[in-house]
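A.B. asks: Protein chains in written order, with our numbering: chain A, 1 to 474; chain B, 1 to 474; chain C, 1 to 474; chain D, 1 to 474.
Derived from the structure by calculation, the hints contain no laboratory data.
Be aware that one or more of the hints could be misleading.
Pairs count within a copy or across copies, as identical chains cannot be separated in the list.
Unchecked claim - Calculated cross-link-like contacts (lysine-lysine; reagent style DSS-like; alpha-carbon spacing at most 30 Å):
1) 340 / 228
2) 407 / 12
3) 343 / 205
4) 243 / 12
5) 205 / 134
6) 473 / 228
7) 402 / 340
8) 12 / 343
9) 405 / 228
4 protein chains.
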Amino acid sequence: MRHADEYMESLKEMVPNVYMGGEVLNRSEVPGNDILCATFDLAHLPENDGIFTATSHLSGEKINRFCNIHQSVDDLLKKQEMTRIGARTVGGCIARCMGIDALNALSVITKQCDMAHNTEYHDRFLAYIENFQKNDTVGCCAQTDVKGDRSLRPGDQADPDLYLRVVERRSDGIVVRGAKAHNSFAPLAEEIIVTPTRFLRENEKDWAVAFAVPGDAKGVKLVVRAAKHRDRMPELAGLLSGKGECESLTIFDDVFVPWERVFLCGENEFGGQLAVLFALFHRHSYTGCKPAITDMLMGTAALVAEYSGIEREDHVRSKLAEFITTAELVYGCGQAAAYKSVKTPSGTMMPDMVYCNVARKHAGECLFHEYNLLADIAGGLPATLPYDTEFTSPEVGELVQKYLKRKDGVSVEDIYKCYAWIADFTCSSMAGVLQYAGLHGGGSPIMEDIAILGTYDIESKKEIARKLAGITKK
Amino acid sequence: MRHADEYMESLKEMVPNVYMGGEVLNRSEVPGNDILCATFDLAHLPENDGIFTATSHLSGEKINRFCNIHQSVDDLLKKQEMTRIGARTVGGCIARCMGIDALNALSVITKQCDMAHNTEYHDRFLAYIENFQKNDTVGCCAQTDVKGDRSLRPGDQADPDLYLRVVERRSDGIVVRGAKAHNSFAPLAEEIIVTPTRFLRENEKDWAVAFAVPGDAKGVKLVVRAAKHRDRMPELAGLLSGKGECESLTIFDDVFVPWERVFLCGENEFGGQLAVLFALFHRHSYTGCKPAITDMLMGTAALVAEYSGIEREDHVRSKLAEFITTAELVYGCGQAAAYKSVKTPSGTMMPDMVYCNVARKHAGECLFHEYNLLADIAGGLPATLPYDTEFTSPEVGELVQKYLKRKDGVSVEDIYKCYAWIADFTCSSMAGVLQYAGLHGGGSPIMEDIAILGTYDIESKKEIARKLAGITKK
Amino acid sequence: MRHADEYMESLKEMVPNVYMGGEVLNRSEVPGNDILCATFDLAHLPENDGIFTATSHLSGEKINRFCNIHQSVDDLLKKQEMTRIGARTVGGCIARCMGIDALNALSVITKQCDMAHNTEYHDRFLAYIENFQKNDTVGCCAQTDVKGDRSLRPGDQADPDLYLRVVERRSDGIVVRGAKAHNSFAPLAEEIIVTPTRFLRENEKDWAVAFAVPGDAKGVKLVVRAAKHRDRMPELAGLLSGKGECESLTIFDDVFVPWERVFLCGENEFGGQLAVLFALFHRHSYTGCKPAITDMLMGTAALVAEYSGIEREDHVRSKLAEFITTAELVYGCGQAAAYKSVKTPSGTMMPDMVYCNVARKHAGECLFHEYNLLADIAGGLPATLPYDTEFTSPEVGELVQKYLKRKDGVSVEDIYKCYAWIADFTCSSMAGVLQYAGLHGGGSPIMEDIAILGTYDIESKKEIARKLAGITKK
Amino acid sequence: MRHADEYMESLKEMVPNVYMGGEVLNRSEVPGNDILCATFDLAHLPENDGIFTATSHLSGEKINRFCNIHQSVDDLLKKQEMTRIGARTVGGCIARCMGIDALNALSVITKQCDMAHNTEYHDRFLAYIENFQKNDTVGCCAQTDVKGDRSLRPGDQADPDLYLRVVERRSDGIVVRGAKAHNSFAPLAEEIIVTPTRFLRENEKDWAVAFAVPGDAKGVKLVVRAAKHRDRMPELAGLLSGKGECESLTIFDDVFVPWERVFLCGENEFGGQLAVLFALFHRHSYTGCKPAITDMLMGTAALVAEYSGIEREDHVRSKLAEFITTAELVYGCGQAAAYKSVKTPSGTMMPDMVYCNVARKHAGECLFHEYNLLADIAGGLPATLPYDTEFTSPEVGELVQKYLKRKDGVSVEDIYKCYAWIADFTCSSMAGVLQYAGLHGGGSPIMEDIAILGTYDIESKKEIARKLAGITKK
């Protein structure tokens, strides 16, 4: 298992292809690298052993769990737990699950495709993942195509590149063209795992393609935006002051992929299944990270309520119970999804489809309301808090501190830090990104509906109704 | 394991002490006995083997699971599954879980009390439950005291009997006085298990009492109300036509209880724990029966949508997804509660407190909305459906049938039965009882909040917030 | 203005054509007649003068406002106020607004049709309404066709009668055939006003028909179901004990209508407008009666909270504020709808479309939640309350009374009456009817969406967005 | 009526006492001045005549309505309309209502205080407002004290200055000390109107003080934070690019106020009334500006739905209907509040308390959900949109534009501008400020509950319940 500094070294050596703010950035300058670093640091802490670490089913070695292919119920339970702990430690998205979720999906689908088509994707995949684990690689998943006109299928777009596709098949590999949107933390990934975004028809084989490329492969261009927490003076800074995250529009401008890195190419029926399966693994990860966001919201609400002396008030307690209920419904269903997981022919465990989706859907539907709850308890100050420059100013600092004082026993610095954190967490561009991510990440609410309705046995429920109504089915 | 007719024979032989509508009823006439009969019938079906049956940890015999003391995770999972299947088969409350939930709670607490006080309750309990299992007994749980003035504690009431209490201690047993409200299906139980309803103080030992008496013990009086589905002509009847359920105010008018049936008497600190623990086991049962209610609502919604030709419409599909989400969040968390159960000193498995409570709370909070969803899809007809007498009337029957016709391929009788079922299920006094039961049964929403907040580690969440805010705790 | 006994006399003399429970009923036996009687009684009370009474714009006489054609903003404000007072006085639907809402719609549309087609409907209408006002007639509105297969238009049904239509045009009148569903209180109306239910095309002129017939006209058959409050002993009875309401499937089995009672016949474009306009006037009435239902729910919640000693608790106060907010948002918007009403060419005032619809929609969406709130505050007793027979029984009455006692200063009879009322109001078949009526009456939620989206100027809102975004429209 | 440039000149001449980011700013540099400028510009547009202008009841001159004391129902209706138009024109808070809302409250209370105490506040007020109108002054309202320990009253705080108070009474005026929080747009106001924040007791007369001071009066210090929309290249800029708003902690460090500017000093019972009354007028303003926010959200949702080709989908239409319903319920109730306003002894019209409060409460409760709706329709792009620098970059600009293309007929620039606007509006620090302002501005949700419950006649509703239950009140 690598250490954070080794990862940072590796980042620095990558070819610069990250475009942001009119510049080409070295990856070590990209906001969010501290989060990836944490995924290394956390794995080395003794108390996280077995949670942030796993045993490779290939090498038998101890590996970072963010590189693991789940072999058991316990693997899925631990992945969920790791995600919750990790996310609330870094104060948001833990950034490294997308890659491994995609690889688990590939593990299942490459095997199934081989069984159906006599292809050899699974062996390629095993070779790839063995290396990935050995190097403790950071991967991301590029799934969502830019999609152009939403009412048209890939092949019917004015520009066929609006869904990423194979433009050339060569003896040594393929050439791909297209762009993937909403590619969180892509500039900080060493490997980009690419999967299709939707079901594909017989005549859409060119779009049924999955592969992995180094983040700085020739022709890959990452167009990036970032959000950052406000930078504050050290004496008033929170853990995340000045830190941030990044989002990429990842462009594949005729990128060559050698065959050993191609995991699907033309088997259209498995394109859709791969899309669904990545979503499934990723929604299971959300049953870990969304409760972590709620942990942060609830802990912050409880803290500011304590500082304001309203912690025992009925309406505050009722709101805390709401936070707990949301967090634990989602987490509990994620656990049920692990317990009800099934072993696929590849040996990889697949979590339960319905539990993952209802949990993810519920988390997404509650999120804005949870921000509302915290804002309600916090009052207006997160939106009007004076800056650190005034808190410490020779001219007005003393007055500012005089007037921000609350109850005895809590220092005005702690009051300030608490509100500064709430401002950063809930009244900032970072808050906006977290809200959008919480709503759409891993699939918009309507996508969970589709997954649920496509899986669930509604007919058996109608049969219950018919029996009770005394109706004998024709 | 008994059969339903044996149970009915046993009921008939009980001393009549059921007061309803100005009469004293024989128990075999009390609405709801078909539901209890179903708990016997279902246990004899081959497909339910291992679900509705269990192996006694005392005798090693196969027993009806409604008599089982849970020894394993699997026992709790099966109990939950049995409850869901049972409830949706009988079209509502399965009626037999209250008794066994109380007995499981007693199993835990009698042991703990013995360990603390050198009492011998657990042995008494084991003797009692052995017999209970052998006889395949139907029990109910009388917990909720009538409580008088809600702002006063038991000992402070104008009338101390407003919480059930010991009024006499004798060498051969005790005499108790008081009344228990909301005692569902009590007239159909052969045994009444009595537990305290709240935490009790040092000076409230007389109220810290738990015991079991036969339903027709001297001094026990059941004051009963019932709700029934409308009776319909056989050719238009649903499964539940004419059937119903019953609720009892169970009065203990100086009832003698021999010591071998006394399971707590004066150890006040265990009174409250017993109350909480019955609630816990019962809320776990709700994670089975509430999804069953949702199964019925969703199946009915899907059926009437099919009959109306709107099954594929977006808003209908979105509502079906809502039903599924509610059902499976609750059921999934109930499963997590079983998987995370812990073995108590008595050997009895105790499901997880937080998962049981958040699941029960969520189910209760969604219930009225679910009725709203079904009513929305069904349209106004459940409230305005002509009677069977007019549907079949020589004078207007032909016209009524002409005008109730919907789409081709569905007979007007099936249309009628479908709407008659919806009327009975959602627009009737039975619907009212199910709504109240779904909201308050096993504890009102606020009780779950109290249980959750009393159990959950909010401080560790505040610590997360402090770390992120950069606050070092004093 | 008539008195209630005159109305009852008139009912008794009508030809019996009311089919219920296998019998043909005399109208004086039909549940709900007390409600119609109240509409007469209330108009004679001095404190209701000007609210329940109006001045006819035709005769200049004082008339019952339930016969009035609105001439001013004040007329609409008073109608709304009358409806709120009336509904909460009779404990539910005031039953007489449907007829007058239909007549106001006819007043507008007959004029507009005459202007477009040189027809003479408006004069006929004026002659009809003048008589209607003079006789203080009770009318109802039969609008909703039974509709058969929902995916087919009227003319495409297997049976063309599934939407009511003209089957014969004669020199002295027309013959109509069909059936109208959900025809609340129709058996208690002396006149049935019939309007189309939807927009109609050029080739659907036969379905574009509006007219009035006496409730007992030849060929009219009312197939009725009723719901009633439980009958209780006089000493424990509430105001509505034993009273109820009725719903009719009203069949027109080749009914002849003389021309002077025909108000639309073949002008298809006005068929849809008439449907919309009746809905508009009726939704405005709902801005009066829905707040009345909330008044009842909130008053009951406050009363039972008082009796339970929890009136000052935070969560109760917060729920009361919710009730108030719902009631007054709906009522306030109904007032705005009156203030923003416009005078149509007929002189009749038409309330604002958007305000009526958003208010009705909001009321419908909140209703089940409001029942939830009351049930939450009331606890489980409404579903388990012993019967009056046991409350007064020589054998157990004393015990029942002992154990239903609550706080000092409230008699056990008042406790009982309060819970008996809650049981009747919220846990009964009447409750089911009120819930369905509150959701679907005057148009299901989706119909308000359609009305709102069809009326509202969304384009101007998009223009606001474009301006802010810096987009110059092509 | 002044023009914007005159106002800007006046700002520039004010003494610099605005502290932000470690600097002392000249007011002309403070973000948000464009919004105040708009309040002048809009009043000069012919189409706004009578809406943004009014006739002074003192001078008879045409004045900017933001300086008007409401004399009629129409004044209140026009104020509401002006607020809605203004807010959606400037893309958020219109910034100038706080001052005039406070002045209207003072108009009422100074008169009532004079009547009770023979004081001469109202004449002082009239002199002040006459000048205010003549000069077309921009005022703000400083109400919310910093409050220290929330569980202690003003006089019981460790530091009595935590509520602003009179520290010295002199022959020529008073000296005040304290600080007011959440003082929106204060640095851009020429006059600061100060009112108490809560009910005050007999022994809290020093805190019962109201007055006006110039924004740059000696001892006044504005500690300011600001939020700004992202600055974008002119060719991709929206209307608000680079613009923002500001919030002040306004400190009164022993500020002298001459008597002619003191409007309350020691009459404690009117302190609380003044607090309530400012809230009332301000909540009425919210019934204008909150619908404006919804106009923006709904227009933006409809626009992005159009660009994505999903405008006709059921779920989008249903969401648009939700926006409309929220906007018009709030606006309609605000209108009802104007129509039901009453004339106070001062001649000033006071809007209806209940309608204002339920409308404001509803708006506040829906706000986060409305952001949720828009984010749902918009998809994830607002959180991941590439910067303008990359959109136009020589290296990747062409590719970015290729991959942001959507349906034919909409230029990629317009797509970009649309999403850039959504990002600024909903995924930014400005969005956070708008969310907090929408929740807490004019009073937190719980404050509306208190206002509603303090005003509403719940007893009459209990009487309705008693009558229906058959209970005769003792």
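A.B. asks: Are the hints correct? Go through all of them and say.
C.D. replies: Evaluation of the provided hints:
no.: 1; hint: 340 / 228; in the structure: neither (39 Å within a copy, 39 Å between copies)
no.: 2; hint: 407 / 12; in the structure: neither (48 Å within a copy, 40 Å between copies)
no.: 3; hint: 343 / 205; in the structure: within (28 Å within a copy, 55 Å between copies)
no.: 4; hint: 243 / 12; in the structure: within (18 Å within a copy, 37 Å between copies)
no.: 5; hint: 205 / 134; in the structure: neither (33 Å within a copy, 65 Å between copies)
no.: 6; hint: 473 / 228; in the structure: between (60 Å within a copy, 26 Å between copies)
no.: 7; hint: 402 / 340; in the structure: neither (57 Å within a copy, 44 Å between copies)
no.: 8; hint: 12 / 343; in the structure: neither (39 Å within a copy, 53 Å between copies)
no.: 9; hint: 405 / 228; in the structure: both (28 Å within a copy, 28 Å between copies)
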